[in-house]
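There are 2 protein chains.
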Amino acid sequence: MTTVENINGFVRTIQVKEPRLGNNTADVERLVSALSHDLEQKGNAPKDSSVYFPPHLVPDLARQLRQWGHCIKVVLFKDSRGWRVIAVIDPELTQPVCGVAADLGTTRVVLRLVNLETGANLGELGFDNPQIALGPDVLTRIHHARDPKGLEQMQALIIDGMNRHIKKLVHAAGLGVESVYLFTGAGNTAMTHLFLGIEPSFIIREPYIPAVNAPESMAAGDAGLGMHPHGMVFLFPNIGSYFGGDLIAGILFAQLHKKENPCLMVDVGTNAEVVVGNRDWLMACAGAAGPALEGGISDMGMTAGPGVIDRVSIDIDTLEIDLGTIENKPPVGICGSGMIDLAAQLFLSGMVDIRGKFSPERCGERLFEKDEIQHLCLVKREDSGTGREILFSQVDLNSLTSAKAAMHSILEVIVRQTAGLSFEELEKFYVAGTFGSFIDPRSAISIGMLPDMPLDKFEVLGNSSLGGAARLLVDPHAFEEIRMIGQSITYIELNVNQSFMNTFSGAKFYPHTDRSLFPSVSIYGG
Amino acid sequence: MTTVENINGFVRTIQVKEPRLGNNTADVERLVSALSHDLEQKGNAPKDSSVYFPPHLVPDLARQLRQWGHCIKVVLFKDSRGWRVIAVIDPELTQPVCGVAADLGTTRVVLRLVNLETGANLGELGFDNPQIALGPDVLTRIHHARDPKGLEQMQALIIDGMNRHIKKLVHAAGLGVESVYLFTGAGNTAMTHLFLGIEPSFIIREPYIPAVNAPESMAAGDAGLGMHPHGMVFLFPNIGSYFGGDLIAGILFAQLHKKENPCLMVDVGTNAEVVVGNRDWLMACAGAAGPALEGGISDMGMTAGPGVIDRVSIDIDTLEIDLGTIENKPPVGICGSGMIDLAAQLFLSGMVDIRGKFSPERCGERLFEKDEIQHLCLVKREDSGTGREILFSQVDLNSLTSAKAAMHSILEVIVRQTAGLSFEELEKFYVAGTFGSFIDPRSAISIGMLPDMPLDKFEVLGNSSLGGAARLLVDPHAFEEIRMIGQSITYIELNVNQSFMNTFSGAKFYPHTDRSLFPSVSIYGG
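Protein chains in written order, with UniProt numbering: chain A, 1 to 526; chain B, 1 to 526.
Just so you know, these hints were derived from the structure itself, not from any lab. Be aware that a few hints might be false.
Copies of the same chain look alike in the list, so a pair counts if it works inside one copy or between any two.
Stated by the list, open to error - Keeping only pairs whose Cα atoms sit at most 25 Å apart, straight-line, the calculated SDA-like set for lysine to any residue is:
(1) K47 - E481
(2) K370 - G126
(3) K47 - R483
(4) K17 - E29
(5) K357 - H375
(6) K168 - R108
(7) K47 - M484
(8) K47 - E480
(9) K357 - D128
(10) K17 - R483
(11) K149 - V88
(12) K259 - T25
All chains should be modelled from the sequences, with the hints used to inform the complete structure.
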């Protein structure tokens with residue numbers, strides 16, 4: 001837990017000038033003037049910019065100022081129109097003034113409690129998105145929400161879940177929900193709409209129009225969130241239907257918009273989202289590369305947990321398969337990053353050919369046909385943690401092949417064909433998201449999913465959406481950065497992009513039909 | 001009822017660009033962009049200024065746009081931070097979109113219903129301020145409101161009264177309260193505080209500090225007003241404790257801040273408030289000259305009504321008193337303007353001397369002593385509408401003398417001593433307020449209350465506070481004008497002004513100790 005002092009964030013203690021006969025400005029205007037001066041002094045606001053002091057705080061201010069000797073602690077926030085005061089607090093009170101940052105994932109929601117005065121991380125908590133009960137993926141949820149009752153249910157699920165877990169999180173830190181003055185959330189466009197009770201159906205119909213791109217900040221009560229009654233709720237803006245606030249938060253966290261040389265960030269969640277650019281320009285696109293990599297494609301696919309295979313190596317001579325599992329428990333399934341390892345090792349050992357098909361002469365007796373589909377036995381029944389064999393079928397492999405080809409094509413279209421860069425020109429390749437945290441870049445390169453770049457250019461970001469949302473809680477400048485990111489991004493619509501389909505065909509080979517793209521990958525027998 | 005077409009006010013019908021694959025901005029942003037363009041085109045907003053679209057309107061917008069063919073009627077408003085959308089309306093609906101302007105007087109409240117699209121006046125209604133039940137004047141009300149319960153009661157009285165009468169007003173026009181989208185109110189500083197539920201006690205304690213000078217616009221629900229649920233409430237700003245929003249509204253109505261040559265406006269209500277200036281500068285002051293002139297000083301003093309004496313003339317030779325009454329009913333009392341007529345005629349006929357005392361040789365048997373106080377019999381019992389004599393005592397006359405001396409001193413201090421102007425240099429002398437509507441300037445000059453200026457320079461404004469509040473309902477530029485008026489006014493504190501007291505003594509004479517100030521007044525026997 002790190003503590004930063006004097007972060008010049010959203011909580012400030014201000015000394016207001018006492019009134020005199022010669023200076024009889026009203027109380028509100030004297031406080032606003034002192035605040036404006038403080039913000040200007042500390043580089044948070046241009047000269048003469050005003051601060052909005054909301055009507056509901058006015059009735060108590062005169063007595064508060066006089067009771068506290070004209071010294072006052074205020075919680076501030078920014079919105080599209082500038083600075084505003086959220087709450088007025090006795091400067092003698094020592095209870096921490098907090099905010100909650102949220103990664104509003106389609107499948108998983110993660111919260112972080114932050115001390116707004118020091119920047120300290122006071123705890124984190126993750127929970128499954130309760131909307132899963134009404135629809136496992138974005139599309140079914142959008143369909144469910146077409147009906148006003150369905151929309152209401154969908155919103156209630158996430159808001160109730162959020163409230164339950166905010167309470168848990170603050171209680172674990174020994175606080176109450178009234179300590180939470182700010183909430184910043186980053187999610188994809190549909191999640192953001194559902195969170196706000198906005199029907200998202202036009203997002204998925206041509207011409208794919210969100211109801212809103214940059215939602216205005218709103219009062220906690222209007223958002224239905226159980227926090228300080230005067231608290232404010234901010235959701236990161238979308239760029240379009242397929243490019244959500246979660247990725248804007250990720251860019252903010254990676255500080256891509258401040259780099260001198262071009263960098264790239266990829267976030268593989270339900271979608272694969274890619275941003276490339278620097279301080280002068282940003283380009284983004286997104287595509288459905290995700291499900292295969294999130295553990296959703298095969299019977300044995302699963303998210304990380306004890307016994308899940310997360311590392312695979314195959315001896316090229318003996319073809320012995322060595323599996324690493326989480327907590328070294330007997331294997332029960334395989335996660336996305338494990339599957340990439342597996343595919344890479346199968347390919348490098350010749351058990352999978354360049355077309356992405358199992359090679360019978362290399363697989364030997366591990367390979368067998370069931371329901372007219374080839375299956376590779378990875379773990380025998382007696383070694384398995386489930387009491388059943390763990391199999392990897394040609395169907396599973398095909399899904400992975402499509403996913404890796406999609407990922408390659410997305411990167412190819414945006415970096416080379418659109419931005420006109422070679423991968424060598426990228427200074428950094430950031431991999432965000434839970435999936436990205438565990439991926440072995442070497443394996444991903446071997447199957448042609450990631451470009452063949454020096455390994456030290458790859459950098460794991462972790463949960464960048466959460467990181468960006470948390471950054472906003474302590475850095476007022478982030479507001480302007482978010483606005484600038486939104487303005488400087490060009491969004492490339494892959495749905496209507498012919499190059500993508502052209503590239504996709506070659507990318508379904510291992511590692512690619514054009515072998516010169518992957519000089520570091522030595523192909524078995526090649 | 002006048003109707004103005006295309007007033008470019010707060011209601012606009014906008015054609016929003018339909019989305020296409022090549023232009024897939026979100027719905028809210030497309031509407032905001034169309035609105036900004038319209039405002040810019042019509043000179044209501046600078047280029048690239050945004051319009052705030054509140055979160056609660058977002059969920060319905062996508063369907064509304066598509067249902068109405070992307071043609072939409074919006075009700076707008078401005079606040080300290082710029083333009084905002086208040087409501088989104090089906091452009092096919094023909095029901096008028098209205099606003100209510102209010103003069104929040106200490107004793108009387110007056111409302112006007114205005115069609116926001118055409119500017120038409122749809123009706124007016126006045127009612128006694130229900131706070132009178134808890135305190136007849138501002139001071140007792142402020143004392144009552146020191147206790148939180150008292151403050152709550154005080155606010156509830158005015159808000160409930162307002163709601164009852166808004167309902168009456170709109171029903172009389174065949175409408176419902178949901179037709180009212182805007183409410184603009186102008187009152188003095190204390191009235192404004194009490195309306196907003198803000199404790200006003202620091203207004204009357206040195207150094208006389210209001211809690212707020214420029215209250216932010218607020219939602220109808222937060223203000224407790226029964227109108228359209230998304231409606232907005234605006235109260236005119238104060239300049240200080242003694243200079244309220246009612247006078248700012250008056251200046252706006254008189255357009256004093258746009259005059260080339262200096263003009264003066266006086267509003268006699270509970271206080272006498274004076275503003276002098278032009279488009280380059282404005283000076284204001286206020287003083288307690290009012291009660292005597294509002295019909296509150298004598299047993300027979302009253303506000304206008306049937307039988308109330310509103311005109312007096314005395315034959316200088318026969319000393320016969322000729323009284324005019326409202327509706328020619330038998331006399332029952334005298335109103336403020338009638339009293340000024342009376343005093344002027346008494347003085348001009350020599351029945352009152354230059355010291356403001358009854359002259360026994362001129363008054364003759366009309367004058368008699370009762371309880372050691374001189375009384376003049378104005379109406380005998382048999383001619384009276386009350387069955388009793390109507391008397392005018394030396395005490396009544398002294399009150400009027402103080403009031404007229406106060407008024408003269410206020411004018412003298414602000415025009416000559418502070419602004420450094422002669423009265424000749426004033427282009428116009430505006431008289432606002434109900435009292436001002438009935439005053440005979442000739443009589444007011446004769447007793448030395450108003451300066452000795454050509455009669456054609458005097459102009460009656462009527463209820464200028466109401467006029468200013470109503471102007472704001474149809475003229476978006478008025479917001480900026482209000483801000484500019486507030487900034488350019490210098491407020492002269494008479495409470496701490498020695499000149500005022502010096503001037504006051506001479507001004508208690510009729511018309512004044514310095515007769516050269518009133519060359520047009522011929523003094524009896526002088």
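25 Å Cα threshold - placement of M484 relative to K47: Intra 21 Å, inter 19 Å, cutoff 25 Å: intra and inter.
Homo-oligomer pair classification [R483, K17; C-alpha up to 25 Å]: Answer is between: at 23 Å across copies they meet the 25 Å cutoff, but 34 Å inside does not.
Status of E481 relative to K47 across identical chains (alpha carbons, at most 25 Å): Close inside one copy (19 Å) and across copies (22 Å); limit 25 Å.
Intra/inter-copy verdict for K370 and G126 if alpha-carbon distance must be at most 25 Å: neither (39 Å within a copy, 90 Å between copies)
Homo-oligomer pair classification [E29, K17; C-alpha up to 25 Å]: Within. Shortest intra-copy distance 11 Å satisfies the 25 Å Cα cut-off; inter-copy 41 Å does not.
Intra- versus inter-copy proximity for H375 and K357 (alpha-carbon distance at most 25 Å): Intra 11 Å, inter 121 Å, cutoff 25 Å: intra-copy only.
Copy assignment of K168 with R108, given that the CA separation must stay at most 25 Å: The answer is within: 16 Å in one copy meets 25 Å, while 55 Å across copies does not.
Within, between, both or neither, where K259 and T25 count as close if Cα-Cα is 25 Å or less: neither (46 Å within a copy, 27 Å between copies)
25 Å Cα threshold - placement of E480 relative to K47: both (16 Å within a copy, 20 Å between copies)
Alpha-carbon proximity context of K47 and R483, limit 25 Å: both (20 Å within a copy, 18 Å between copies)
Up to 25 Å CA-CA - D128 versus K357, copy category: For K357 and D128, neither the intra-copy (36 Å) nor the inter-copy (90 Å) Cα distance is at most 25 Å.
Within, between, both or neither: K149, V88 at alpha-carbon 25 Å: For K149 and V88, only the inter-copy Cα distance (23 Å) is at most 25 Å; the intra-copy one is 38 Å.
In this structure, the hints that do not hold are numbers 2, 9, 12, in rising order.
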